[in-house]
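Asks: Got chain A; can you put chain B on it based on the hints?
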Amino acid sequence: LAKTTQPPSMEAYEGQEVNVSCSHTNIATSEYIYWYRQVPHQGPQFIIQGYKDYVVNEVASLFISADRKLSTLSLPWVSLRDAAVYYCIVTDIGSWQLIFGSGTQLTVMP
Amino acid sequence: EAAVTQSPRNKVAVTGGKVTLSCNQTNNHNNMYWYRQDTGHGLRLIHYSYGAGSTEKGDIPDGYKASRPSQENFSLILELATPSQTSVYFCASGRTGGAGAETLYFGSGTRLTVL
Chain A
3 LAKTTQPPSM
13 EAYEGQEVNV
23 SCSHTNIATS
33 EYIYWYRQVP
43 HQGPQFIIQG
53 YKDYVVNEVA
63 SLFISADRKL
73 STLSLPWVSL
83 RDAAVYYCIV
93 TDIGSWQLIF
103 GSGTQLTVMP
Chain B
1254 EAAVTQSPRN
1264 KVAVTGGKVT
1274 LSCNQTNNHN
1284 NMYWYRQDTG
1294 HGLRLIHYSY
1304 GAGSTEKGDI
1314 PDGYKASRPS
1324 QENFSLILEL
1334 ATPSQTSVYF
1344 CASGRTGGAG
1354 AETLYFGSGT
1364 RLTVL
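Top to bottom, those sequences are chains A and B. Taking the numbering used here, the leading residue of the first sequence gets 3, the next gets one more, and so forth. Taking the numbering used here, the leading residue of the second sequence gets 1254, the next gets one more, and so forth.
There could be a bad hint or two in this list.
[Unchecked claim] Some chain B residues near chain A, calculated using beta-carbon distances under 10 Å: (1) Ala-1266; (2) Leu-1298; (3) Phe-1343; (4) Ala-1345; (5) Gly-1347; (6) Glu-1355; (7) Ser-1361; (8) Val-1367.
[Said to hold, decoys possible] The following label-pair restraints were derived from C-beta to C-beta distances: (9) B:Glu-1309 x A:Ser-76: 46 to 54 Å; (10) A:Ser-81 x B:Asn-1263: 24 to 32 Å; (11) B:Thr-1335 x A:Met-111: 27 to 35 Å; (12) B:Ser-1361 x A:Pro-9: 26 to 34 Å; (13) A:Lys-71 x B:Glu-1309: 27 to 35 Å; (14) B:Gly-1269 x A:Asp-69: 49 to 57 Å; (15) A:Val-58 x B:Asn-1326: 21 to 29 Å; (16) A:Val-41 x B:Tyr-1303: 22 to 30 Å; (17) A:Pro-78 x B:Leu-1368: 45 to 53 Å; (18) A:Tyr-53 x B:Tyr-1303: 17 to 25 Å; (19) A:Asp-94 x B:Ser-1361: 24 to 32 Å; (20) B:Leu-1333 x A:Asp-94: 32 to 40 Å; (21) A:Pro-9 x B:Pro-1261: 47 to 55 Å; (22) A:Tyr-56 x B:Ser-1361: 26 to 34 Å.
[As the list claims (entries may be wrong)] Calculated cross-link-like contacts (lysine-lysine; reagent style DSS-like; alpha-carbon spacing at most 30 Å): (23) B:Lys-1318 x A:Lys-5; (24) A:Lys-54 x A:Lys-71; (25) B:Lys-1310 x B:Lys-1264; (26) B:Lys-1310 x A:Lys-5; (27) A:Lys-5 x A:Lys-71; (28) A:Lys-54 x A:Lys-5.
What the hints contain is simulated information worked out from the structure, not anything from laboratory work. Quick reminder that beta carbons are idealized off the backbone N, C-alpha and C, glycines included.
The shape of chain B in the complex, shown without the other chains:
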């Protein structure tokens, strides 16, 4: 069973503070993703990576940075957190293979509250 682990599960931060959300996958997948989920918006892609050392902007990258130091780890960084970044964040890993596009495996999410 594919495994994606996110930490922390819950985080409370202050406006202007720095926040780092971590994600680890043991699937040996090349691709990793960060999404945020807000009521009424479904999941929206923030950043993604197709291998160690690479990061790409998704649909809503403003205010976020990403880091992929290794195959297993992918971090999302909020340098100056704002209340509008209060959300649930999901990390996913994916592989491309066989017929069709990727199958994604998601973590359980990090609930971030910025006060």
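The shape of chain A in the complex, shown without the other chains:
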């Protein structure tokens, strides 16, 4: 399984767009990229997944570099409720397991 590297922490003000990067230099052709987030006292929550190019849903967008070694989660107009730990996960199609790293702690300031 590919290892991911994320910044340990980020800060932003309410209303800003936040971009969280994730490096996965050894990603295999069979692996997908997932993002989850976790707020205190709750389990992780799925945000978005992608394989290549650009993916968008109602919560976030995900940009994946052409060589797939870097992905960026973009959160538009963050609010205080977006303060959480964001996890980037790379896993194989059909894998039984998601391996969570340490994630990125996003602090949102009013």
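Replies: Below, chain B alone, put in the same frame as chain A:
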């Protein structure tokens, strides 16, 4: 909305005692998982199951057993609890379908303290 319910939310146990953590999902998902989360370690997989009657070892299974008596229920059992098992435990259910790997749906966690 997918639903995973864990019980109890909080548990205090004594060293050497038996602890059972329960998880129920109403998503009709085949796969279920138990993770523990400790500061500095992220989430670590203990056991998982791909259907009723099956259990598989995850990354840190020592000291834990699992039971999947039905599609909906998945239990984590600590036969002889130790203080090192003090942690927050998360259950999740997942489905494989469409493009990509699973999407997991997590419960709210059980905070276990072993004295």
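Asks: Under the constraints set out in the numbered hints, which ones does this structure not fulfil?
Replies: Violated: hints 1, 8, 9, 11, 15, 21.
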